[in-house]
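In full-length UniProt numbering, the protein residues as written are 1 to 176.
Keep in mind that the hints are not guaranteed to be accurate.
[Unchecked claim] Heads up, simulated DSSO-like pairs for lysine-lysine below, C-alpha to C-alpha not over 27 angstroms straight-line:
id	residue 1	residue 2
1	K8	K19
2	K34	K148
3	K34	K137
4	K19	K34
5	K126	K19
6	K126	K148
7	K34	K126
8	K8	K34
9	K137	K126
Hints in this document: simulated from the structure, not taken from any laboratory.
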Amino acid sequence: MYENRVQKTYAILQVLVKKYQEITGKPLIGDEMKMHKMMYYIQKTSLALTGEPIINESFEGWIHGPVLPSIRGAFEDFIEAPECETQLSDTELYIVENTIYSYGQYTAWNLREQSHQEHAWINSRKGLSTKERGQNKLLLEDIMEDAKGMRLYDYQYDMYIDEFDDIDEENFIHAQ
């Protein structure tokens, strides 16, 4: 079971690396801190949009923000695997791409600072000094609470999702 969760996380990472390069024109490989923050914001965006996690693993609250231990050091021997894109649904691909459009322009340090404003990260750091690495988990409920404050922007249609005339309010989970 754990192996399946890690495989899904790795598939999301593969798609993130590929789409990040396509969208920004810059490589993500080699910027591990940014990779972890982008994965965190993918999770948060998924919770805001669907009410469900896209990553079925827990982030840990490290000094520099949320980290997924299963992909720590992933860029040390990273080999791109384009076939991973087929493992994600259209909704999951949309979440990854929309997260890149929303957060991809920020530096790793900007994302670090943003993540330090998240209640989920703050709560995971309780009882730790600013110099302790920490292994406390970010609670999914806390990330969901942070996600409620998001106003999602659709970069394909160049408008906020809640502005769509034909939005199906019953199936739209955001901010409930």
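**OP:** Hint by hint, work out which the structure violates, then give me just those numbers in ascending order.
**Re:** When the structure is compared with the hints, only number 5 turns out to be violated.
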